[in-house]
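Chemist: Sequence:
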Amino acid sequence: MGALSKPLNYAKLDELISSAGQKKVLKSQLEMERMTAEELHMAIISGHIEAHYQPQVNVLTGKLEGAEALARWNHPERGIIMPDQFIALAEESGLIYKLTKVMINHAIRDYARLKRLNRNFTLSVNLSADLLSEHSLPGWLSEQIDASGYERGKFMLEITESQILKQDAASIENIARLSMMGFKFSIDDFGMAYSNIEHLMIFPFNEIKFDYNFISKIVTDHRARAGVEAGVTIAKRQGLKTVAEGVETPAEHKMIADIGIDVMQGFMIAKAMPVDAFHDWFLHRQNADEPEQSAQALGRAQNF
11 MGALSKPLNY
21 AKLDELISSA
31 GQKKVLKSQL
41 EMERMTAEEL
51 HMAIISGHIE
61 AHYQPQVNVL
71 TGKLEGAEAL
81 ARWNHPERGI
91 IMPDQFIALA
101 EESGLIYKLT
111 KVMINHAIRD
121 YARLKRLNRN
131 FTLSVNLSAD
141 LLSEHSLPGW
151 LSEQIDASGY
161 ERGKFMLEIT
171 ESQILKQDAA
181 SIENIARLSM
191 MGFKFSIDDF
201 GMAYSNIEHL
211 MIFPFNEIKF
221 DYNFISKIVT
231 DHRARAGVEA
241 GVTIAKRQGL
251 KTVAEGVETP
261 AEHKMIADIG
271 IDVMQGFMIA
281 KAMPVDAFHD
291 WFLHRQNADE
301 PEQSAQALGR
311 AQNF
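Reminder that position 21 of the sequence shown reads as 31 in the working numbering, one-by-one numbering, no gaps.
Please keep in mind that the hints were generated in silico from the structure rather than gathered at the bench.
Think of the CB as a built atom: it goes at the ideal place given N, C-alpha and C, for glycine as much as any other residue.
One should not assume that every hint holds.
EDC-like cross-link-like pairs, simulated, lysine to aspartate or glutamate; straight-line CA separation at most 20 Å [stated by the list, open to error]:
| hint | residue 1 | residue 2 |
| --- | --- | --- |
| 1 | Lys281 | Asp268 |
| 2 | Lys176 | Glu102 |
| 3 | Lys125 | Glu60 |
| 4 | Lys281 | Glu168 |
| 5 | Lys251 | Asp290 |
| 6 | Lys108 | Glu49 |
| 7 | Lys227 | Asp268 |
| 8 | Lys194 | Glu75 |
| 9 | Lys111 | Glu144 |
| 10 | Lys108 | Glu75 |
| 11 | Lys125 | Glu144 |
| 12 | Lys111 | Glu87 |
| 13 | Lys251 | Glu161 |
| 14 | Lys73 | Glu239 |
| 15 | Lys194 | Glu161 |
| 16 | Lys73 | Asp231 |
| 17 | Lys73 | Asp290 |
| 18 | Lys194 | Glu168 |
| 19 | Lys251 | Asp140 |
| 20 | Lys73 | Asp199 |
| 21 | Lys194 | Glu144 |
| 22 | Lys227 | Asp178 |
| 23 | Lys251 | Glu144 |
| 24 | Lys246 | Asp286 |
| 25 | Lys246 | Asp268 |
| 26 | Lys264 | Asp231 |
| 27 | Lys176 | Glu153 |
| 28 | Lys227 | Asp286 |
| 29 | Lys108 | Glu161 |
| 30 | Lys251 | Asp199 |
| 31 | Lys111 | Glu49 |
| 32 | Lys108 | Asp94 |
| 33 | Lys111 | Glu60 |
| 34 | Lys111 | Glu101 |
| 35 | Lys246 | Glu171 |
| 36 | Lys111 | Glu75 |
Here are the computed distance ranges between Cβ atoms for each label pair [to be verified]:
| hint | residue 1 | residue 2 | range |
| --- | --- | --- | --- |
| 37 | Arg247 | Asp268 | 34 to 44 Å |
| 38 | Ile55 | Arg247 | 22 to 32 Å |
| 39 | Arg247 | Asn297 | 22 to 32 Å |
| 40 | Asn115 | Glu49 | 34 to 44 Å |
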């Protein structure tokens, strides 16, 4: 073998290896971005959009009170794709309407198992702006729920502050009609859109949810804590239930308990999971005598 014309530059070699690794990551990211509306449409009609459920528990007792249905795309090649990677595509392509209906149907189907865990189990489902403004929504939704034999009041319909701020006439009418039919409403991501407090008095909300961006800062940021405290005070005066999203640490749990928030969800309790796994998770908590009795026990909850 011939001699090398010059010695190896190991620093350069490391740089090339690192560059190759970065290119692999970038390629993977680009592949995710190239997901097309056609792929998403096929996923919707072929049953690859799944509902995963994140538990909602009482802040003080740890008792299971309900869950939020969250969309997951089970891609045959890429595995589970999180909603932040396809919801924008669904909205831009006009598929969010069909996607929301699929999620509602999943929730109605799975409620039969979930309600066995607590007879007062409340299931939260997200309503897209497109579906909320659809004139046929109240009739369609009540028909689906009634055909299943469930109480309409056990389904919490989540809408975002930004949807309320748009003041869309059709959406406002549907909120009023659905409320009169017995459905409950939750205002999601409360505080993220600088909402007018009057909305809490004008619209028939039953619950407000404090966004993860607030909850993740309440321990270290006095302004975030003050914002949540003010929101809870207003909610209590209006007789609304309060929910904290994205609770991940015992410190956050203690803080929201001190503030007076009623219900929480987040990785400290459990991640969102399919209905079968949700059922197993609940049984595990019961068998282990975990936080069904005290908030202290809740602090030992694990991420499943």
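Chemist: 34 to 44 Å was suggested as the range; check whether the CB atoms of Arg247 and Asp268 agree with it.
Modeler: Hint violated: Cβ distance 19 Å, outside 34 to 44 Å.
Chemist: Are the Cα atoms of Lys246 and Asp286 separated by 20 Å or less?
Modeler: Not satisfied, since the Cα-Cα distance of roughly 35 Å exceeds 20 Å.
Chemist: Regarding Asn115 and Glu49, is the given constraint of 34 to 44 Å on their beta-carbon distance met?
Modeler: violated (21 Å)
Chemist: Between Lys108 and Glu49, does the CA-CA distance stay at or below 20 Å?
Modeler: holds (14 Å)
Chemist: What's the verdict on Lys125 and Glu144, does the C-alpha distance respect the 20 Å limit or exceed it?
Modeler: Distance ~29 Å between Lys125 and Glu144 Cα, so the pair is violated.
Chemist: Take a quick look at whether Lys227 and Asp178 sit within 20 Å of each other, Cα to Cα.
Modeler: At roughly 32 Å apart (the allowed maximum being 20 Å), Asp178 and Lys227 break the hint.
Chemist: Straight-line Cα separation of Lys111 and Glu144 no greater than 20 Å?
Modeler: Judged against 20 Å, a Cα distance of about 12 Å means the pair holds.
Chemist: Checking one constraint from the list: CA of Lys246 to CA of Asp268, max 20 Å. Satisfied?
Modeler: Roughly 14 Å between the alpha carbons, so the hint for Lys246 and Asp268 holds.
Chemist: So if I understand the rule, the pair passes when the alpha-carbon distance is 20 Å or less; does Lys111 with Glu49 pass?
Modeler: With Cα atoms ~18 Å apart, Lys111 and Glu49 stay inside 20 Å; holds.
Chemist: Sort out whether Asp268 lies within 20 Å of Lys281, counting only the CA atoms.
Modeler: violated (24 Å)
Chemist: Lys227 and Asp286 were given as a pair; does the straight-line alpha-carbon distance stay at or below 20 Å?
Modeler: violated (33 Å)
Chemist: Is it true that the CA of Lys194 sits at most 20 Å from the CA of Glu75?
Modeler: holds (15 Å)
Going through the hint list in order, the structure does not satisfy hints 1, 5, 10, 11, 12, 14, 16, 19, 20, 22, 23, 24, 27, 28, 29, 36, 37, 38, 39, 40.
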